[in-house]
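As a plain string of letters, each chain reads:
Number of protein chains: 2
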Amino acid sequence: MADNKSLTARTEDFSAWYNEVVLRAELADYSPVRGCMVIRPYGYRLWELMRDQLDTRFKETGHQNAYFPLFIPQSFLEREAQHVEGFAKEAAIVTHTRLKAKEGGGLIPDPDSKLEEPLIIRPTSETIIYEMFSKWVQSYRDLPLLYNQWANVVRWEMRTRLFLRTTEFLWQEGHTAHVTEAEAEEETLRMLGVYREFMEGWMAMPVVTGPKSASETFPGALRTYATEALMQDNRALQAGTSHNLGQNFSRQFELKFASEAGSEEYAWNTSWGVSTRMVGALVMTHGDDRGLVMPPRLAPIQVVIVPIFRKDEERNLVMEKARDLAGMLRPIRTHIDDRSNLTPGAKFYEWEMKGVPFRIEVGPKDISKQQVVLVRRVVAEGEERKQFLPETDVIGSMGRRLDEFQAWLMERARERREASSHRGVDSYERFREIIEGPGGFVYTGWCGSAECEARVKEETKATIRVLPFEEFRSPEAPARCIVCEGESVAEALWAKAY
Amino acid sequence: MADNKSLTARTEDFSAWYNEVVLRAELADYSPVRGCMVIRPYGYRLWELMRDQLDTRFKETGHQNAYFPLFIPQSFLEREAQHVEGFAKEAAIVTHTRLKAKEGGGLIPDPDSKLEEPLIIRPTSETIIYEMFSKWVQSYRDLPLLYNQWANVVRWEMRTRLFLRTTEFLWQEGHTAHVTEAEAEEETLRMLGVYREFMEGWMAMPVVTGPKSASETFPGALRTYATEALMQDNRALQAGTSHNLGQNFSRQFELKFASEAGSEEYAWNTSWGVSTRMVGALVMTHGDDRGLVMPPRLAPIQVVIVPIFRKDEERNLVMEKARDLAGMLRPIRTHIDDRSNLTPGAKFYEWEMKGVPFRIEVGPKDISKQQVVLVRRVVAEGEERKQFLPETDVIGSMGRRLDEFQAWLMERARERREASSHRGVDSYERFREIIEGPGGFVYTGWCGSAECEARVKEETKATIRVLPFEEFRSPEAPARCIVCEGESVAEALWAKAY
Numbered sequence: 000m001a002d003n004k005s006l007t008a009r010t011e012d013f014s015a016w017y018n019e020v021v022l023r024a025e026l027a028d029y030s031p032v033r034g035c036m037v038i039r040p041y042g043y044r045l046w047e048l049m050r051d052q053l054d055t056r057f058k059e060t061g062h063q064n065a066y067f068p069l070f071i072p073q074s075f076l077e078r079e080a081q082h083v084e085g086f087a088k089e090a091a092i093v094t095h096t097r098l099k100a101k102e103g104g105g106l107i108p109d110p111d112s113k114l115e116e117p118l119i120i121r122p123t124s125e126t127i128i129y130e131m132f133s134k135w136v137q138s139y140r141d142l143p144l145l146y147n148q149w150a151n152v153v154r155w156e157m158r159t160r161l162f163l164r165t166t167e168f169l170w171q172e173g174h175t176a177h178v179t180e181a182e183a184e185e186e187t188l189r190m191l192g193v194y195r196e197f198m199e200g201w202m203a204m205p206v207v208t209g210p211k212s213a214s215e216t217f218p219g220a221l222r223t224y225a226t227e228a229l230m231q232d233n234r235a236l237q238a239g240t241s242h243n244l245g246q247n248f249s250r251q252f253e254l255k256f257a258s259e260a261g262s263e264e265y266a267w268n269t270s271w272g273v274s275t276r277m278v279g280a281l282v283m284t285h286g287d288d289r290g291l292v293m294p295p296r297l298a299p300i301q302v303v304i305v306p307i308f309r310k311d312e313e314r315n316l317v318m319e320k321a322r323d324l325a326g327m328l329r330p331i332r333t334h335i336d337d338r339s340n341l342t343p344g345a346k347f348y349e350w351e352m353k354g355v356p357f358r359i360e361v362g363p364k365d366i367s368k369q370q371v372v373l374v375r376r377v378v379a380e381g382e383e384r385k386q387f388l389p390e391t392d393v394i395g396s397m398g399r400r401l402d403e404f405q406a407w408l409m410e411r412a413r414e415r416r417e418a419s420s421h422r423g424v425d426s427y428e429r430f431r432e433i434i435e436g437p438g439g440f441v442y443t444g445w446c447g448s449a450e451c452e453a454r455v456k457e458e459t460k461a462t463i464r465v466l467p468f469e470e471f472r473s474p475e476a477p478a479r480c481i482v483c484e485g486e487s488v489a490e491a492l493w494a495k496a497y
Numbered sequence: 000m001a002d003n004k005s006l007t008a009r010t011e012d013f014s015a016w017y018n019e020v021v022l023r024a025e026l027a028d029y030s031p032v033r034g035c036m037v038i039r040p041y042g043y044r045l046w047e048l049m050r051d052q053l054d055t056r057f058k059e060t061g062h063q064n065a066y067f068p069l070f071i072p073q074s075f076l077e078r079e080a081q082h083v084e085g086f087a088k089e090a091a092i093v094t095h096t097r098l099k100a101k102e103g104g105g106l107i108p109d110p111d112s113k114l115e116e117p118l119i120i121r122p123t124s125e126t127i128i129y130e131m132f133s134k135w136v137q138s139y140r141d142l143p144l145l146y147n148q149w150a151n152v153v154r155w156e157m158r159t160r161l162f163l164r165t166t167e168f169l170w171q172e173g174h175t176a177h178v179t180e181a182e183a184e185e186e187t188l189r190m191l192g193v194y195r196e197f198m199e200g201w202m203a204m205p206v207v208t209g210p211k212s213a214s215e216t217f218p219g220a221l222r223t224y225a226t227e228a229l230m231q232d233n234r235a236l237q238a239g240t241s242h243n244l245g246q247n248f249s250r251q252f253e254l255k256f257a258s259e260a261g262s263e264e265y266a267w268n269t270s271w272g273v274s275t276r277m278v279g280a281l282v283m284t285h286g287d288d289r290g291l292v293m294p295p296r297l298a299p300i301q302v303v304i305v306p307i308f309r310k311d312e313e314r315n316l317v318m319e320k321a322r323d324l325a326g327m328l329r330p331i332r333t334h335i336d337d338r339s340n341l342t343p344g345a346k347f348y349e350w351e352m353k354g355v356p357f358r359i360e361v362g363p364k365d366i367s368k369q370q371v372v373l374v375r376r377v378v379a380e381g382e383e384r385k386q387f388l389p390e391t392d393v394i395g396s397m398g399r400r401l402d403e404f405q406a407w408l409m410e411r412a413r414e415r416r417e418a419s420s421h422r423g424v425d426s427y428e429r430f431r432e433i434i435e436g437p438g439g440f441v442y443t444g445w446c447g448s449a450e451c452e453a454r455v456k457e458e459t460k461a462t463i464r465v466l467p468f469e470e471f472r473s474p475e476a477p478a479r480c481i482v483c484e485g486e487s488v489a490e491a492l493w494a495k496a497y
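Protein chains in written order, with numbering that gives the first Met the number 0: chain A, 0 to 497; chain B, 0 to 497.
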C-alpha cells in the first residue's frame with residue numbers, strides 16, 4: 000500500500016521522484032541481491048500487457064518463439080572479437096556446481112565441482128543461437144529462420160536504477176537468418192518499425208528512429224538502429240534496438256547454407272530487442288507529481304470504481320451498483336476497491352499514484368440521481384478533472400474516453416519533446432549551452448568522425464543518439480559539423496542519455 | 000524437417016523411442032551446454048499453450064504474477080536446514096563478475112571480481128520470495144499473498160533427459176502466505192486440484208493424487224502433494240507438486256504479521272509448481288510408433304491441410320480451396336503445408352511425427368466432388384483412419400471431432416493405466432515380480448515406516464509415489480504392510496519413477 004506522503008517534485012529532483020514513483024506505485028522493489036530488483040504484481044502486469052502486444056506483432060510478422068540455454072560457454076563469447084570485448088567486463092560467471100560443508104560450519108563452493116570451462120550467464124544470446132542455427136540450416140530452403148525468445152539476461156552493472164539498468168532484466172531477443180543481405184536489412188528495419196508502432200501507439204511515447212553511429216553500434220553488428228525517446232528531464236532513453244549483424248556471427252559459427260545455385264554461403268543475421276526498461280521509459284514519459292500515469296491501452300486497471308458510503312446499510316446498495324457498473328463496462332479492465340479499512344481519500348491517493356486513467360466514485364446520493372463522479376487522472380491545464388455525469392453517459396462513452404486520453408497523452412508527450420528539440424544550432428558554444436543547461440534533443444551537422452563524437456562525450460557527456468531518418472531531419476540539412484566545422488555528412492541527434 | 004527413417008519401436012527401446020520422437024518432432028534439441036536443451040518453436044508453442052491455460056486458471060483463483068531475482072545469496076539457502084540439504088549438491092554457483100585477458104591469450108574469470116558471497120542460480124525461489132514477503136506484510140489485512148512466477152530454474156543434474164530432467168528448465172512456482180494453517184492447507188489442495196484438472200482435461204493424462212511419504216516430501220515442507228501419471232513403459236512420472244510449507248520458511252525469514260487480535264504471528268506458506276517436464280509426460284502418454292500424438296486442446300496445429308496437385312495449373316485451384324477450408328475452420332488452429340519441395344507422402348510422415356490430430360488432403364478430384372480426405376492421427380484398433388467426406392460435413396463437424404478425439408485419448412490413457420494398476424497384491428514376492436517385471440502402479444498396505452520404504456527402494460528401485468486420496472484407493476483397504484507385514488496405516492501407491 001502506498002504511503003500518503005507527497006512525492007518529491009520532478010523539478011526538484013527528477014531521479015528521486017522516479018524512484019519514489021516506482022516504489023510507491025508498487026511497480027518494483029529492491030531485492031537483497033545487489034543490482035537486481037523484484038518486479039511486483041502491478042509492474043509485472045504492465046510488462047505482461049506489453050509483452051502480449053509485442054508477441055502478437057512478432058507472430059503476425061512470421062516469427063516463432065523458442066527457448067535457448069541461460070548459459071553461454073566462455074569460448075562461444077570469445078569467438079566474435081568485438082562481441083566479447085563488449086560483454087566481458089559485465090559477465091556473471093558460473094564456476095562451480097556444488098556446495099559443500101566448510102570446516103567450522105557454513106558452505107563453500109566445492110573445489111571438486113569446478114567447471115573446466117566457465118559458463119557465462121547470457122548477456123545476450125547471439126552466440127548460442129547461431130551455433131544452433133548452424134545445426135538446423137542446410138539449404139536456402141531452410142531460410143529465413145525467424146526466431147524470438149522471451150528471457151532473462153544478466154549484465155553485471157556497477158550503477159543500477161530500477162527498470163532502467165539492472166543486473167538482471169527481462170527482455171525479448173529476436174534472432175533471424177536470411178539468404179541475402181537485403182533481406183536481413185529489410186527485417187532489421189521491419190522490426191524497428193514494429194517497435195516504433197508499439198511505443199507510439201501503445202506506450203504513447205514518441206520516438207526518433209535511425210541508425211547509430213559506429214561507436215554506439217552493438218558489439219558484432221554491421222549496423223544498429225534504435226528508437227530514442229526524450230524523458231521529462233530532457234535526457235534521452237534508448238527504448239529498443241534492431242541490429243543488422245551482417246555475416247559476422249555466421250562466419251564465426253559456421254552458419255552456412257547451400258544456395259539455389261549450389262554454392263555454399265554464409266547466412267545474414269539480424270537481432271533486435273526491447274526490455275523491462277520500457278517500464279521505466281513509460282514512467283518517465285507520462286508520470287507527474289501525483290505519481291504514475293498509465294496510457295489506457297497498457298493500463299492494468301483502466302477504470303477504478305470507488306464505492307462511497309458511511310453507514311453499513313448503504314454498503315449493499317453501493318456495492319451492487321459498483322458491480323453493475325463494472326459489468327456494463329466490460330471488456331474495459333475495471334477494479335472495484337472494496338477495502339473497508341481505507342478512507343475514500345486514501346484510495347483516491349493510491350490509485351492516482353498507480354496512474355489508473357479514470358476513477359468512478361459512486362455513493363447513495365449519486366445512485367438516487369443516476370449519476371456518478373468521473374475523474375480523469377490528468378487533464379489539460381485549466382480543465383476540470385472531476386465531472387458529475389449521468390451513469391448511462393459514462394457507460395456509453397468510456398471506450399471513447401480511454402481512446403481520447405491515450406491520444407492526448409501521446410500528443411502531450413510529442414509537444415513536450417518538440418519543445419525540447421533544438422534545431423539550427425550554429426555554434427559549438429551554443430550547443431554546449433543547451434546540452435549542459437536545459438538538455439533535450441539537439442539536431443546538428445556532423446562530419447562523421449569518431450573524434451568529434453568523442454570530444455562531445457568527454458566535454459558534455461552527450462552522445463549521438465541516432466542519425467535520424469529523413470522524416471525527423473531538419474527542413475534544411477546542416478552544412479557543417481557542430482564540433483570541427485568540417486563538412487557535414489549526416490545530421491546527428493545529440494542528447495545526454497540514460 | 001524430420002527425416003524419413005522409422006522410429007525405434009516403443010516395445011523395443013522406450014527410451015530410444017522417446018528421444019527420437021522429441022528430436023524428430025522438433026520439440027527440442029541438444030545444446031552445446033551439458034544438460035541444457037533448446038526448446039524449438041514447435042515444442043515452445045506447446046509450452047505456451049500449456050502456460051496460457053494454467054495462467055488463466057491461476058488468475059481465476061486470485062493469483063498474481065510477479066518476478067523475483069535469478070540469484071539466491073548462498074546465505075539464504077543455508078537458513079532452512081532441510082532446504083539447503085536438498086539443493087546444495089546441484090547448485091550452479093556464480094563466483095565472479097568479470098572476464099579478463101589471460102597471459103598467452105584467451106580469457107579467465109578476473110580474480111579481482113570475485114564475489115564476497117557466492118550467488119546460487121535459483122533451484123527454486125522460496126527463500127528470496129519469503130524474504131520479500133516479510134518486507135511487504137505487516138498486518139493480517141495484507142494477507143493472503145497469492146503470487147506466481149514463470150521462470151527458469153537450474154539444478155545441476157548428473158543424468159539428464161530431454162524435458163524430463165535438464166539442468167535448466169522452465170516452470171511456474173506459486174508462492175503464497177496465509178493467516179492460518181487451514182487456509183494454507185486449503186490453498187495447497189486447491190492448486191493440486193488445478194493441476195489435476197489441467198492434466199486430465201487438457202493433456203488428456205489421468206493422474207493419481209495424494210500426499211507424498213515423509214521421505215519424498217519437498218525439502219523444508221510440512222507436506223507435499225503430487226499428481227502422478229503412468230507412462231507407456233509403466234514407469235511413473237511426477238507431473239506436479241503442491242507443498243504446504245507450514246511456518247518453516249516464515250520463521251527463518253521473519254515473515255510475521257499482526258493478527259486481528261493484535262498478537263504477532265508467523266505466516267503459513269504454500270508453494271506449488273509444474274514445469275516443461277509436462278511436455279515429456281505428454282509425449283510418453285500419447286505417442287506411438289509413428290511419433291507424437293497431440294491432444295487437440297494443446298495441439299499447436301489442430302488440423303493440417305495438405306494440398307495435392309501434379310500440374311502447375313492445378314496449383315491455384317487447390318491452394319484456393321485449402322485457404323477457403325482454413326478460413327471456414329477458424330478458430331480451429333489450422334496450417335496449410337504449401338511447401339513445393341516435398342511430396343505429399345513426406346508431408347504426411349512429418350505431420351504424423353508431429354502428432355497433428357487431423358489431416359485434410361485436398362486435390363482436384365476431391366474439389367470436383369466437393370469432398371476431402373480426412374485422416375485422424377490415431378483411431379481405435381480395427382477402425383479406419385482415413386475417410387472420404389463431403390467438405391461441408393468436415394467443416395461442420397471438426398469442432399466435435401476434436402472434442403471426441405480429446406476424450407478418446409483420455410479414455411485410452413485411463414484404460415492403459417488401469418490395465419497396469421495392480422491391487423490386492425498379497426506378498427512381497429508377488430510385489431517384486433510386478434515391479435521388476437511389467438512394472439506399473441502397485442497399491443499395497445504400508446506400515447508407515449521409512450525402513451520398509453527404503454528397503455523397497457534399495458531392492459527394486461520402486462518408491463511410494465503417493466498415499467492416494469480416497470477416490471483412488473482400493474475398495475477394501477489392505478490390512479498389512481507389503482514389506483514387513485505389520486499393520487497397515489495407509490494404502491501406498493508404488494512404482495518405479497522417472
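Each hint should be verified, as a subset may be incorrect.
One copy or two, it doesn't matter: identical chains are merged, so the pair holds either way.
[What the hints assert, rightly or not] Pairs of lysine-lysine, DSSO-like flavour, derived with a Cα cap of 30 Å:
hint	residue 1	residue 2
1	K4	K134
2	K113	K101
3	K255	K134
4	K88	K346
5	K99	K113
6	K58	K346
7	K320	K58
8	K310	K255
9	K255	K385
10	K88	K113
11	K456	K88
12	K4	K346
13	K101	K58
Please keep in mind that the hints were generated in silico from the structure rather than gathered at the bench.
Please read these numbers as outputs of a predicted model, since none were measured by experiment.
These are the hints, each one checked on the structure:
no., hint, in the structure
1, K4 x K134, "between (58 Å within a copy, 19 Å between copies)"
2, K113 x K101, "both (16 Å within a copy, 18 Å between copies)"
3, K255 x K134, "within (9 Å within a copy, 53 Å between copies)"
4, K88 x K346, "neither (46 Å within a copy, 48 Å between copies)"
5, K99 x K113, "both (12 Å within a copy, 18 Å between copies)"
6, K58 x K346, "between (39 Å within a copy, 23 Å between copies)"
7, K320 x K58, "between (41 Å within a copy, 24 Å between copies)"
8, K310 x K255, "neither (75 Å within a copy, 33 Å between copies)"
9, K255 x K385, "neither (64 Å within a copy, 41 Å between copies)"
10, K88 x K113, "both (21 Å within a copy, 13 Å between copies)"
11, K456 x K88, "within (21 Å within a copy, 49 Å between copies)"
12, K4 x K346, "within (14 Å within a copy, 66 Å between copies)"
13, K101 x K58, "neither (51 Å within a copy, 44 Å between copies)"
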